[in-house]
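Enquirer: Position chain A against the provided structure of chain E, taking the given hints into account.
Residue numbers (this note's numbering), protein chains in the order written: chain E, 2 to 479; chain A, 29 to 652.
Note that these hints are calculated values from the structure, not bench results.
These numbers come from a predicted model, not from an experiment.
Check the hints yourself; a few may be wrong.
Calculated pairs, BS3-like style, for lysine-lysine (alpha carbon to alpha carbon, straight line, at most 30 Å) [stated by the list, open to error]:
hint : chain 1 : residue 1 : chain 2 : residue 2
1    : A       : Lys395    : E       : Lys439
2    : A       : Lys50     : E       : Lys439
3    : A       : Lys139    : A       : Lys51
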Amino acid sequence: MIITLLMVGLVLTGGFAWFSEEKKAGSAKLIALLSLLFFSVCFITFVMAASTEFAQLQQLTKVTWIAVFNIHYQLALDHLSIMLLLLTFLLSIIAVLISWREITYRRGFYYFNLLLTVAGIIGVFTAVDMFLFFFFWEVMLLPMTALIAIWGHENRRFAAIKFFIFTQVSSLLMLIAIILMAYLHLQQTGSLSFSYQDWLKLELPQELASYLMLGFFIAFAVKLPSFPVHSWLPDAHTQAPTAGSVLLAGVLLKTGAYGLIRFVIVLFPQASQEFAPIAAILALISILYGAKMAFAQSDFKRLVAYSSISHMGFVMLALFSFNVNAFHGAVITLVAHGLSSAALFAFAGMLYARIHSRDLAKMGGFWQSAPVMGGFGLAFCAAAFGLPGMANFVGEFFSLIGAFQRFPVITILAALGIIGSAIYGVVLFQSSFHGAVKQQFIDLSIRERIIATSLLAFLLIIGVFPNVILQFTFNGGG
Amino acid sequence: MLLALLPIFPLLSFIFLVGFGKKLSWLQITLSSVGSMLICALASLYLSYTLPNAENGVMVAHLWQWFSLDNGAGQSSVNVSFYLDALSAVMICVVSGVGFLIHLFASIYMKEDNNFSRFMAYMNLFIVAMLILVLADNLVLLYLGWEGVGLCSFLLIGFWYQEKSNVLAARKAFIVTRIGDTAMAIGLFLLFRELGTVNINEISELATKQWLVGSDKAYWICLLLLGGAVGKSAQLPLQTWLPDAMAGPTPVSALIHAATMVTAGVYLIARMHGLYLLSPEVMNYVAWVGAITLLLAGVSALVQTDMKRVLAYSTMSQIGYMMLALGAGAWSAGIFHLMTHAFFKALLFLTAGAVIYALHHQQNIFKMGGLLKKLPFESTLFIIGLVCLMALPGTSGFFSKEAIIAELWSSPTAGATLWWCAIVGALLTSIYSCRLFFLVFLGTPRFDQPLHASHSMLLKGALLALALLSLIGGLLAPDLRELFSIEQLSNSNGNIAEPAWLHTVAIITPFIGIAFSWFYFANYRRGDSNELARAEMQISTNVIKRLSFGGIGFDMLYSLLFVRPFVGIARLNRRDVVDQLLMSIAWYVRICRDVLVFSQNGLLRWYAAAFAFGLVVLIGGWLL
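Next comes chain E alone, as it looks inside the complex (with noise of 0.2 Å):
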């Protein structure tokens, strides 16, 4: 139920916020703020007050709610879904702290979309109900382009447009796949159903299972994103607004390597192992060409962008090598890249208040006017390159040390993507707070301190104590 009220909750408050905005300027960011914070407090005290029931996959609502079809309204959790919403709570507060003063025009609409996005997330990873799921995939969807669209930079309608486009049709190949799996439960049990557990018991035909996982992975690929399919989203994450940003890389990519993890592996195991040598290439590639696009851009959240596709290699090299070591290592991944990713995005939105430009060119010396800003950017790249003690260090070092049982040749290759990562992450700090003094500018405020120390306190913590993570999703290593 209360997820329920959560998704309820934002969206009323979303709206209320949009209302209010109406009636009295600036009262939709402190409405939109407000209502995360007391959702998430919410969320964390159920957590804390049940927390051992949810080692397994844990049903807490089923409503009937498309009866022909039987259609269900049904939501479950685990650990790993606790943990990605936990993520999402976190990011979508950093977010609503980021626009505090970014957006200046229809921002009760703004927060509206906001609230909606993150209403649409918990959605995704909740629910079981594959039509459902689709559907929150949707909602997530529209209120992401409505971001981008219209609160973006100078090309927002271009990427918009493509961002819709790109994951549109790939999630038609899903919604085939999804009404698949139900026609074939109504073969083998005579009955339609969409359940995520009903379909678990399903025996599938080997040929077909390729098929049917193939429409899974590539929606889930488009959204990881993972090379050929990469390309929506350095558009995507260069035009949108600094928040759109952070949620794009923090968690919507997320919802992607989810969908492998829940659906991909689980419900197709022998259709993915046979798969898994593709998709390590295809990891293999978005690491190293991820990393060399990076290096190649001029353009501050273009070159953190194709960053994410390099560091989304790991998770899908991870998840497709079969090996705890490596699952472990995709899922603090998951949680690291979220962090540094919008870290990093959050960061170029500070910058941009202050120079209006994204150009690295026009970028250099900054460390002499602002220290501060320069020391969090430092931990900021450094946790992108993987330095240990770091989140990420830990994610890519489990993702490659277990990928290396299966796959050695592949994650001989991937591990270049360290270097790789060196040169784009120095390159980065560099070109922005090394190099001659170019401009100078007032250092970070209160508010942006608070973004900064909360995200780099978050991803030491985890790179000191990674067991935090791991005993809470696996239970002590499960």
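Expert: Only chain A this time, still in chain E's reference frame:
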């Protein structure tokens, strides 16, 4: 307990300095950074002193479990815990002891810098990472320290970040060492797959049990770890970053790029000696890497014009000796040389720093000269450093270098050729040392501005302490026999008879070098300005000299092979060719749309014409 606190002292100082930074006065910053280093150094000495009384001569401090890895049979715990044995005891004493003296020096040397607190904070952070590196009980924690020192090195090379060249030097150092680190990481993955653990002691135990000497797995793992070591220790083929790293402030060159960080590779190999003994082939490679590096670096040092670059090449060459020792199985000699080198090279760098400071940041040795009379204190210290570097009898360098050379001839993984390499290297060392000395301290002064030497007692005290250590360092030879007890085994199976003249040759080689230089560099000695100008010109005109000046062309080669293609492809594909392909679908759709839009133009005659054309085509088709 004290062991666990060791890296905490500098860490606290780092946090304090980062937190309060510019609000602090010079005294507060110095008290925090240098004071924490003093505590750290005393604690290290105390720990090393009490170590023999500990159980098995080993102390362990377990802090917490970092994470655990599933190795198929169960959970292999990766802990944040420190392991102190005779080897790491030597290292912590060098790191914190020499580190303390260099911090002390730096507190005076960098006093006027606007970012003094940031500098001292980085230095403290470096010590933290370095201590973790040498104390780690497993390879992942070691890797943490390893990357940490790399980051600090990056930050300190680029400390004066407004200069483009410093920024590039920092970038180069970081990326080149990262290449080695990646090799090491892959070695780690392989190691874990084969042995299911990353704990150093367990690795040595399991490896000797499971693998035979010469096994393939040991070969690959040792080779990959060697990759990490050559990156960090600036050995062939990843040596190119070290000379450029001299862009950093001089205390950094002394601490990181001479005394401590660059010897991390030597430490790694010594630490993993159990594994290396299983792979004599790789030990042979290690010896060759060391030998070739020491020769190439020695040749490059002969023609440098920048005082710090001479010392940088000299460092490379001396680490080459350490590698050579490790490759020959002379583990304790290698570590001994690591220690004495840390003393005298830190002394040389700091004295060079003092000289450069007195000369208003003039680093070109052709523009110095005649300093012996003007800076007697610095000159004396520099002579002490050079004498140790040349390994004249009685100095610390003599004991350690002789210890290495003595073991080469009969070692199964080294041999006569490598012995000769070491001797030629010693000759080169004494020649470039003499050249440096003549140019800087003898002859006539070739600068206009008046000198302004620092008279701070703290600075002089730090230098004197290092000089003392350099002189008597030979007496402090660490007792590592028990730790490396296996080395006797490896030496016993190859009983090659040693000729009687070996030791004599080794001892007189530096003197030959000095005598040669005395005559060959007579112009430098006298300070004939015309001759000097000609010699300086020659470096850019003479092909061989120019090649040596640029580090034997490796920079050029790598630029051609790797850097340019990488940057070129990146530039070429900036627009992302995959995206272009996908977007061509969009273009196609747009063209179709344009065609259709064009056809729907609302003109009746156009429609009539299209109708007629269609009819003709249809009828024509039917008729034919």
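Enquirer: For each hint, tell me whether it holds in the structure or not.
Expert: Going through the hints against the structure:
no.	hint	verdict
1	Lys395(A) x Lys439(E)	violated, 34 Å
2	Lys50(A) x Lys439(E)	holds, 22 Å
3	Lys139(A) x Lys51(A)	holds, 15 Å
The structure is inconsistent with hint 1 alone, although it conforms to all the rest.
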